[in-house]
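Start from chain A and add chain B according to the hints.
Protein chains: 2
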Amino acid sequence: MGADLGQQLPARFVWVRSSEGKAQLAGLAAEKNRPKILEAPLTVIIGNDLDFPNQFPKLLPYNAETAQKAFAQPGLAEVTAMRNGSLQGAYLIIAARALGLDCGPMSGFDNAGVDQAFFAGTRIQSNFICCLGYGRPDSLFPRNPRLTFEEAGHFA
Amino acid sequence: MGADLGQQLPARFVWVRSSEGKAQLAGLAAEKNRPKILEAPLTVIIGNDLDFPNQFPKLLPYNAETAQKAFAQPGLAEVTAMRNGSLQGAYLIIAARALGLDCGPMSGFDNAGVDQAFFAGTRIQSNFICCLGYGRPDSLFPRNPRLTFEEAGHFA
Numbered sequence: 001m002g003a004d005l006g007q008q009l010p011a012r013f014v015w016v017r018s019s020e021g022k023a024q025l026a027g028l029a030a031e032k033n034r035p036k037i038l039e040a041p042l043t044v045i046i047g048n049d050l051d052f053p054n055q056f057p058k059l060l061p062y063n064a065e066t067a068q069k070a071f072a073q074p075g076l077a078e079v080t081a082m083r084n085g086s087l088q089g090a091y092l093i094i095a096a097r098a099l100g101l102d103c104g105p106m107s108g109f110d111n112a113g114v115d116q117a118f119f120a121g122t123r124i125q126s127n128f129i130c131c132l133g134y135g136r137p138d139s140l141f142p143r144n145p146r147l148t149f150e151e152a153g154h155f156a
Numbered sequence: 001m002g003a004d005l006g007q008q009l010p011a012r013f014v015w016v017r018s019s020e021g022k023a024q025l026a027g028l029a030a031e032k033n034r035p036k037i038l039e040a041p042l043t044v045i046i047g048n049d050l051d052f053p054n055q056f057p058k059l060l061p062y063n064a065e066t067a068q069k070a071f072a073q074p075g076l077a078e079v080t081a082m083r084n085g086s087l088q089g090a091y092l093i094i095a096a097r098a099l100g101l102d103c104g105p106m107s108g109f110d111n112a113g114v115d116q117a118f119f120a121g122t123r124i125q126s127n128f129i130c131c132l133g134y135g136r137p138d139s140l141f142p143r144n145p146r147l148t149f150e151e152a153g154h155f156a
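As given, the protein sequences belong to chains A and B, one line each in that order.
Okay, so the first sequence: first residue is 1 according to our numbering, each after it adds one.
Okay, so the second sequence: first residue is 1 according to our numbering, each after it adds one.
This is chain A alone, in the form it adopts within the complex (with noise of 0.2 Å):
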């Protein structure tokens, strides 16, 4: 949808829909989270795929060999992967909401459970869920404040 730096495009996701996986998804959730994934037709797992490099030669085909030693770099895939993983994760979350979807992303589940559940024998690592669906009007809260574009930032 958006743009990612660089055509990376770590990120790797697992539509959670039976209830097979919800329950398992949820018994690794936080507790609050637990009934959302639960109650919701489907909870989508991002993850970070560390070997994302070796899509290179499909996704940069003029240049895969050298950003694949580029990524040899110690850290430099990770860091990447999360942030491109994120911008990835923000893409779906815009598109869903497109759909007409609402959407409830979280971060407070047991990473390495899920992975061991989810991506078992790969080099993916959970970034965030998202719930999808309609929510409950009576279970949504008031829009919270912002911050203002001068607490944020400023120009130079």
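To be clear, the hints were calculated from the coordinates, so they are not data collected in a lab.
None of the values given here were measured: they were computed from a predicted structure.
There could be a bad hint or two in this list.
Quick list of simulated restraints, FRET-style, between CB atoms [to be verified]:
1. A:Leu-140 with B:Leu-76: 42 to 52 Å
2. A:Asp-138 with B:Leu-38: 52 to 62 Å
3. A:Ala-30 with B:Glu-78: 35 to 45 Å
4. A:Leu-38 with B:Gly-121: 41 to 51 Å
5. B:Lys-58 with A:Lys-69: 22 to 32 Å
6. A:Leu-140 with B:Lys-58: 19 to 29 Å
7. B:Arg-146 with A:Arg-97: 14 to 24 Å
Glycine included, every Cβ here is placed at the ideal spot set by N, Cα and C.
Chain B alone, transformed into the frame defined by chain A:
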């Protein structure tokens, strides 16, 4: 624009539009990114404010103290700021595109140098930078391949 997780809103923005600001930022960027910064009408630095919990009395008036206590846990503010600050950066990109602007997000720059030049005396850390303006059609390349639905995930 979109949702972040828990109204933490850690992103801070420096809107670089003066000649001095552009020259300073370009001097801290990877060589291939310099002309982009100098030619763009504006480049925004998206930073993560590790002190974001200080804003909770305004942003989360009903829950500020509990939330601030939670983020005293070592490392949690950093990963949370990176996740939510990147989501906010993606919303900025989508908002700019909705206004008809082209976006050039980049991570090829000296983060420590940018932090010193633009965020001195704060705990704000640069995440990525993004040129805003109107791209020249002759400098654009064709859209690269994406992963298929199945390559990027599965149902569970």
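Could you tell me which of the hints above the structure violates, numbers in ascending order?
Hint check: 1, 3, 5 fail, others pass.
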